[in-house]
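K.L.:
The residues making up each chain are set out below.
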Amino acid sequence: MPSDLELSLYVFMLATFVGLEIIRKVSPLLHTPLMSITNAISGICVVGAILVTESAGDSTFGRVLGFIAVTTSVINIVSGFLITDRMLKMFRKREDPKGSAKP
Amino acid sequence: MIAHLVQYAYLVAAALFILSLKWMNSPATARRGVFAGEVGMLLAIVGTLLVHDIVNYQWILVAFFLGTAIGVPLAYKMPITAVPQQTALSHACGALAAALVGTAEYYRDTPNLHGFTMVALIIEMLLGYLTFTGSLMAAGKLQEVLPTRPITYRNQNLINLTLFAIALGIGVRLILVPTDTYLFPFFAGLSLLFGVLLIIPIGGADMPTVIALLNSYAGLSACAMGFALNNKLLVIAGALDGSSGMILSIIMCKAMNRSFIDVLFGAFGQVQSAKEGGKEKRNVHSASPEEAAAILESASSVIIVTGYGLAVAQAQHKLRELFDILTRRGVDVKFAIHPVAGRMPGHMNVLLAEADIPYDRLYEMDDINSDFGQCDVALVIGANDVANPGARKDKDSPIYGMPILDVDRARTVMVIKRSMSPGFAGIDNELFYMDKTLMLFGDAKDFISEIVKELPK
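Chains A and R are the protein sequences, given in the same order. Taking our numbering, I'd label the letters of the first sequence as residues 1 to 103. Taking our numbering, I'd label the letters of the second sequence as residues 1 to 457.
Read the hints as simulated data drawn from the structure, not as lab findings. A portion of the hints provided could be inaccurate.
Derived lysine-lysine pairs resembling DSSO-like cross-links, with alpha carbons at most 30 Å apart [stated by the list, open to error]:
hint	chain 1	residue 1	chain 2	residue 2
1	R	22	A	93
2	R	334	A	93
3	R	77	A	93
4	R	445	A	89
5	A	93	R	395
Same shape as in the complex, but just chain R:
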């Protein structure tokens, strides 16, 4: 009887997970979505605990306690700038869980395992282990405890692919002859190693894509677990997770005009560094905070373009003050958000929302690009490549073809920048040398404070 009830609990949980993601489509319903997800998860856990004769009760209880004790501070103490790292760690946790469950099942059932279950287990463990180490590497790069630039060596792709092929070969051997348990540690070890090697050649600029991709892998690994356990709820949740990560990484790739293959095998940072030297000094116009304040004051519409540099300078809250003053003076202030602004999909939106900037003032690239032509001032803070007109005009530019914010079409452009150093991708930006561009040199937070001081309250 209870055994049947639990199937219905899983069914309801699956429906709640779907609703949960559906309600994420708008800020108005999103928190309801979180609630639906929580109820679904509770149903699934309680159902699972009720239906089985619990032998190792204390183990599970302690694990629940420990997981909560780690999870709560992780959610509340983490600064919003660090959410990408937290997300990567979270992929690592999910992937590790899937891989370990697969491993435990493999050793438990070895003599009786065959065919299809073994295929599912191998996929689950392969994806699980490689996503585990890959996500840890990604988190390390985002936290900058590991070098963010791509690490490359000779024949890198060949070595990586060979290792992957060997891991896959051992996997196939284990599927055919599951009793070859001595091969298993090699399989797990190679999968773990491949995860590391997969991520080290990837540069900081490609992190948003990589995080989304790892999200997808973690989901697919959970999905494979569902196949192995013949549990449809796991299949559904894993498939939802997998497709979500897949869509996000496609969006990120499109926003950078790169293909998956480029991201995984490209090592972006390298290509341009060769091109640097031999650049002549060019003139730029710079302006003081007073001049900048005067221009903003007389503007009737301002579009602010922000990048991750804004968060690095901790300037979000000062920017909110500027936004408030200008809005009160009747200036129409909008924020233009490029899809890859920040370190993960949608990161910039959360950073600005944290600074209390109303979300109906945040505009996506496609919605705002036509407005630049009519706007008086475009203010660029901590962003560079996403506003580089070279992507549109210069066929030789490494970012040629990448969709950009059309900042250069505004009447006046102001760029707050520490110095003339090139951005993440290491590419010079034509925008800085235009006649209508004023460079505001300095730390974003200090410079915005200065502007705010100059503006009449």
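Just chain A, same shape as in the assembly:
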């Protein structure tokens, strides 16, 4: 059986290749929204932040660090997704009625 480390390395390797392939296909038109959505996704740190806050138990130090980490992650998640959507709403084709982003 592979160890946790080995499994994680496999996952990392595969995810990197998937990421490189997918991102390469993203139109340069959308590179800014792409960056804001990857920021939102990097807010997944919130999972680690929640775990750390909980396992801190009575340690004020741990709880404060966890608290700040949860807050900044949530800022990333909320602002990242909202601003991506706000920008994407602006992309319209010609002859398209206002307020719709569909082609």
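Following the hints, complete the assembly by docking chain R onto the known chain A.
P.N.:
Quick look at chain R alone, frame taken from chain A:
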């Protein structure tokens, strides 16, 4: 039972994140991508909250509330011109979260930490802390609360590398002997300091590359957290983020014909300033708004080249009016976008989309360069270096070899410019002195308004 379910929630979330980025490949599916990302994130958070006995409930709840209260106005109140700063701040937030989680874990588990987990924690904290301060510096430069020109001093690279080496050395020591907790503050402090020193020598023109690079670091730091916590979802999300930032910074580097090493250690602005003096006065042709309007009116195809100066002058909406009038008159109007136009990858596209210019009229450099030869008028607004033919011909030019928009191949070139001052990179532009070039001197917004007034509705 629930402990197993949460693993499946993470699995689905990871798939949704991949789909989310995949759907970003076209404007038609991109908003679906945002939705997929949101659902994935919700699954991951709810799953995490359900599976653990929540002791510090109130702390987490308050943090969620606070984060939302800050995040919502940040997303809606921010002008689109300020998105690069917002993005940099966002990298700072993500990196800080990763660094603090790593720190908390380190102090919590110190006596029992060893080997591999410690390696992951050190990488997580090193990248996290340096990206935190580095991104704050980048945001400050973009917001122009900090000087945008490179700040340099003697032996800068040597000092920076030495500091980095010391930080790394302490990191290695902590990996070998995790109980040396007294070393930890030095490690964190040096990482924070290195982030600052890394960014101050970088000039404004290189910001798009730097932002993309910081994006990558923030992602890799989250990835290292995944290794430390043995959480595959974090590994996947971090790897996606890291590879995205990496690809974007490679694209930016290519678009400026610079290498990573140049960007990080180069301090671009310096090289040319020495070359300036001793330039003879050269003649340019200038034109009035009436003349410009007359030329545009009789053209059948126009390519507009925009740069960040357009946004600085707040001229996007006036430009849309001009676009509408010309289009209605049957003129074929296209926009040519250089990859480094704006302050971050793809920034110019969003600025023009905000002004309601249809995105199927925005063309990337490689798609439009062959069209310049057949176009009647190329109108350059707020752009300079990206349309400098010197990059193609002049071997001595500091931007020699940088791919440019072939504006000089159009039949007539018009350039709206405040004065003859050189651009971001401080380089003189041959384009302005060509016989077929008309300089339109003035503020972009005012000048375009004047042209619009002259054109029959």
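K.L.:
With reference to the structure, classify each hint as holding or not holding.
P.N.:
Verification of the hints:
Taking the CA atoms of residue 22 (chain R) and residue 93 (chain A), the gap is near 21 Å; set against the 30 Å cutoff, the hint holds. Between residue 334 (chain R) and residue 93 (chain A) the alpha-carbon distance is near 13 Å, which keeps this suggested pair within the 30 Å criterion. A hinted pair counts as satisfied when its Cα atoms are at most 30 Å apart, and residue 77 (chain R) with residue 93 (chain A) qualifies at roughly 25 Å. Simply put, residue 445 (chain R) and residue 89 (chain A) have alpha-carbon atoms about 25 Å apart, close enough for the 30 Å limit, and the pair holds.
Restraint check for residue 93 (chain A) and residue 395 (chain R): not satisfied, since their Cα atoms lie roughly 41 Å apart, outside the 30 Å limit.
Hint violations for this structure: number 5 only, all remaining hints satisfied.
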